[in-house]
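Number of protein chains: 2
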Amino acid sequence: MSEQVKLTLEQCHALAKDSLMKRGANEANAVAVADTITAAERDGCASHGLFRLPGYLSSLISGKVSGNAKPSLERLSPGVLRVNADNGFAPLALSHAYDALAEAAKENGIAACAITRMYHFAALWPEATEMANRGCVSMAWTAATPMVAPAGGIKPFYGTNPMAFGWPRKDREPMVFDQASAAMARGEIMIAARDGHSVPSTAGVDKDGNPTTDPNEILAGAQSAFGGYKGAALSLMIELLVGPLIGDFCSFEAGAADNKDGGPPPGAELIIAMDPRRFGDAYGFEDHAEKLFAELLKQPGTRLPGDRRYLNRQRVAKEGFSIPQSLYDAILEKTG
Amino acid sequence: MSEQVKLTLEQCHALAKDSLMKRGANEANAVAVADTITAAERDGCASHGLFRLPGYLSSLISGKVSGNAKPSLERLSPGVLRVNADNGFAPLALSHAYDALAEAAKENGIAACAITRMYHFAALWPEATEMANRGCVSMAWTAATPMVAPAGGIKPFYGTNPMAFGWPRKDREPMVFDQASAAMARGEIMIAARDGHSVPSTAGVDKDGNPTTDPNEILAGAQSAFGGYKGAALSLMIELLVGPLIGDFCSFEAGAADNKDGGPPPGAELIIAMDPRRFGDAYGFEDHAEKLFAELLKQPGTRLPGDRRYLNRQRVAKEGFSIPQSLYDAILEKTG
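Quick note, the sequences are listed as chains A and B, same order.
Under this note's numbering, the first residue of the first sequence carries the number 96, and numbering increases by one thereafter.
Under this note's numbering, the first residue of the second sequence carries the number 96, and numbering increases by one thereafter.
Here chain A stands alone, though its shape is the one from the complex (with noise of 0.2 Å):
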């Protein structure tokens, strides 16, 4: 194993807020990045913690991002909001979001809110656990660049295209999934090719269509969508409600229009919320849900999606969490 640098989640945000600031972004945007950055380590997922910070900052140093973005809010229709993230960082747009969706899902049953104009790079569950502790179900889908070849081709043309899910739960954490539309997602196969590890077969192909268990291969390549078809699908899918459906970016579009500095692409996300009280079961949804995980739990080796990160972070929180040196050297370098 690789010179690692421990770190606790006090030291983490700082680190990150800090080398934002001194690239220029101010303090709402650096706050709001490091918050994000700060719940992946926290939830042990390295590949959108700390991880991301030298893309972060590539981007303002490079000034395709603003980090003195104003994100907007506006309501396109009783139940449609939309921010425009002001071509900064998503972190800041989406905090504005939370609870005016909310709002909007009390007062409708169901409401959606846009993310327009923004650049993403982070972990999609964070979106579902925020609408979750305001109460409500949701679904958050996000695209990317090409990174995953459609059904029948060899080609990049989807992004990894996320969704995440989320169910409140009564006095407990929510139940939250948040899964690319790749087999993969794309900081897994970085991590992989910079610690020389393989992947799966099924995670891409090489430049020329043969599946590989190369990480550079595929980053080369192509990466493979999920199941398949069905994957691919759900990647089209996605494709449209956040580009054509709400007037921003497609992957491929977003990729024409990238600088490539290593940061997070410009694009859009979509958020439906749902309150559960207006669906007709306000008094038994919660002990009805649970009454489902129960259940499914009886089979030996199941767990909830979401799950090992709430276990991570109970790691975390006693033990703190490392990086590679090789990373720490790289945040220090970009901060300049």
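Treat the hints loosely; a few may be bogus.
Copies of the same chain are indistinguishable here, so a pair counts whether it falls within one copy or spans any two.
As the list claims (entries may be wrong) - Taking lysine to aspartate or glutamate and the DMTMM-like style, the derived pairs with C-alpha atoms no more than 20 Å apart in a straight line are: (1) K386 <-> D353; (2) K250 <-> E390; (3) K201 <-> E169; (4) K302 <-> E390; (5) K265 <-> E381; (6) K393 <-> D303.
No lab work stands behind these hints: they were computed from the structure.
Let chain A serve as the given structure and place chain B on it in line with the hints.
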């Protein structure tokens, strides 16, 4: 190939309608089911066509399903509708949902409709198609009875839990996909078993949890979700959406409640509809989507989801279709 009976779509519709009415369904219910069965055969989806008719008839014979159901529509909140299917087959209840849901989506931008106390045995693409024909982007989900093993488990727990998605297109058929969260549709495995064909080893496991290509072993064991734990996470989401959220059965509850007469299980469905004119790009969304589709189709070997159905439709319109003599005989026998 076994002996076949050649039919026109008109003959298909009459066969379905007449046999359902002979078994006690009133005209409204019989026609709605016959429409759905005929649409499946029209689009080359044998597994949801007349193949399902003996099951529908069994449920009239056993008295499980009401052939005289009178679905009723109510509005639970500005954006949430519910159709109580009155213990009838899904198609008539669904026909009560479409206009009202489209209207609610136009008013609010986004709306949802729960269809509860119903017996669903059909594909989901008709729902997404109907909503697209009313100008709406939509998603639909339903559960079933335990057939699919959860992530980490080997026993049936989830239904095949399909989802459909529809995108309206200008002056042409909508882009609609409909896919089970199971790696293979139950109907396809049943047809493979009937015809003595093998299935891909990803389709399921035998009763000891070992992968198998024998459809009969899978029917005695468990189907697998598509793409492993990710498809299983979608299955769980769908259980929550059509069970606890709207106050109806999860698959494990439907399995316990069902009389196993070979007909559709009791359960519910959720449809979310969005009016793309209310999401921020009212004038551009259609052309933008066409640009996405065109870019996708530049890659050799690709096609849009649903295109095969539209090709089938042209073929069936010209040539009609056929069903096995054994199925035809089973229908006549069930009709009495």
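Okay, the hints, checked on the actual structure:
1. K386 <-> D353: between (47 Å within a copy, 19 Å between copies)
2. K250 <-> E390: Only across copies: K250 and E390 sit 12 Å apart there, 42 Å inside one copy, limit 20 Å.
3. K201 <-> E169: both (17 Å within a copy, 18 Å between copies)
4. K302 <-> E390: between (45 Å within a copy, 19 Å between copies)
5. K265 <-> E381: within (7 Å within a copy, 42 Å between copies)
6. K393 <-> D303: Between copies only: 17 Å across chains, 45 Å inside a chain, cut-off 20 Å.
When the structure is compared with the earlier hints, no violation turns up for any of them.
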